[in-house]
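Enquirer: Below are the chains, spelled out letter by letter.
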Amino acid sequence: SQTIHQWPATLVQPVGSPLSLECTVEGTSNPNLYWYRQAAGRGLQLLFYSVGIGQISSEVPQNLSASRPQDRQFILSSKKLLLSDSGFYLCAWNQEGANGYEQYFGPGTRLTVT
Amino acid sequence: SQQGEEDPQALSIQEGENATMNCSYKTSINNLQWYRQNSGRGLVHLILIRSNEREKHSGRLRVTLDTSKKSSSLLITASRAADTASYFCATEGINTGKLIFGQGTTLQVKP
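Going down the list, the protein sequences come from chains Y and R. All you need for the working numbering is the position in the first sequence, starting with 1, plus 41. All you need for the working numbering is the position in the second sequence, starting with 1, plus 1309.
Just so you know, the hints here were simulated from the structure itself, not pulled from any lab data. Check before you lean on any hint, since a few could be wrong.
Claimed, not checked - Facing chain R, from chain Y, some residues (calculated, C-beta under 10 angstroms): (1) Gln-47; (2) Tyr-75; (3) Tyr-77; (4) Gln-79; (5) Gly-84; (6) Gly-138; (7) Tyr-145.
What the hints assert, rightly or not - Derived Cβ-Cβ restraints for the label pairs, each shown as a range: (8) R:Gly-1368 x Y:His-46: 20 to 30 angstroms; (9) Y:Ser-108 x R:Glu-1326: 42 to 52 angstroms; (10) Y:Glu-63 x R:Gln-1323: 39 to 49 angstroms; (11) R:Ala-1391 x Y:Arg-83: 21 to 31 angstroms.
Quantities reported herein were computed from a predicted structural model and do not represent experimental measurements. Even for Gly, the Cβ is constructed at its ideal location relative to N, Cα and C.
Modelling step: build the complete structure from the supplied sequences, incorporating the hints.
Expert: What follows is the structure, encoded as structure tokens:
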């Protein structure tokens, strides 16, 4: 069965520091991968998605970047964090099924920028 | 722009009652999906309804889709305290594979 891992679970970083969040998927190959951010009490904002190694699409101009160095690894990074980068970051994967694309989410990373 | 908009934003009911949440969207879709999120956790897929379907059931969940009105509803029957969570609708655009999520409905079921 497929599983998706994210780490760390929580992170407190000062403004101006770098960021690296990692997501890995097991049990499937060539998944579509996604990074979302969720502000407190709000819906999900799609940040990046990737349909293959080295292929990254950015949905919203951000202080963030994403990379996919391996088929099942997706990394979210920042060179210098801003206070506004605080939030709950969720990684997800999907593949086309009989009815369309159902998405499977990781447990999330709670980022607090101080 | 946000595709899915849910209402109400918050809903509080007693255990045993039914809970109904609504979702509206703007563009043509391949399917519409509902997800559940417990506080501080990732989202869990509940049910998917295709654009050519009008109603779908899964256990205590009933989803309807009206493509002419670009709206969907999620009904949870005989609610339980464990149903307390946030519920999100998400639409998959035609041939995109990307999901656009709404802002969610926070449901509280009181024991």
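Enquirer: Take the hints in turn and mark each one as holding or not.
Expert: Quick rundown of the hints versus the structure:
1. Gln-47: Interface hint status for Gln-47 (chain Y): holds (8 angstroms vs cutoff 10 angstroms).
2. Tyr-75: The hint holds - Tyr-75 (chain Y) has a Cβ within 10 angstroms of chain R, the shortest such distance being about 8 angstroms.
3. Tyr-77: Nearest chain R Cβ about 8 angstroms off; hint holds.
4. Gln-79: holds, 8 angstroms
5. Gly-84: Hint holds; Gly-84 (chain Y) Cβ to chain R Cβ min 4 angstroms, cut 10 angstroms.
6. Gly-138: holds, 9 angstroms
7. Tyr-145: holds, 7 angstroms
8. R:Gly-1368 x Y:His-46: 20 to 30 angstroms: With Cβ atoms ~28 angstroms apart, the hint holds.
9. Y:Ser-108 x R:Glu-1326: 42 to 52 angstroms: holds, 47 angstroms
10. Y:Glu-63 x R:Gln-1323: 39 to 49 angstroms: holds, 43 angstroms
11. R:Ala-1391 x Y:Arg-83: 21 to 31 angstroms: Check passed, 23 angstroms falls within 21 to 31 angstroms.
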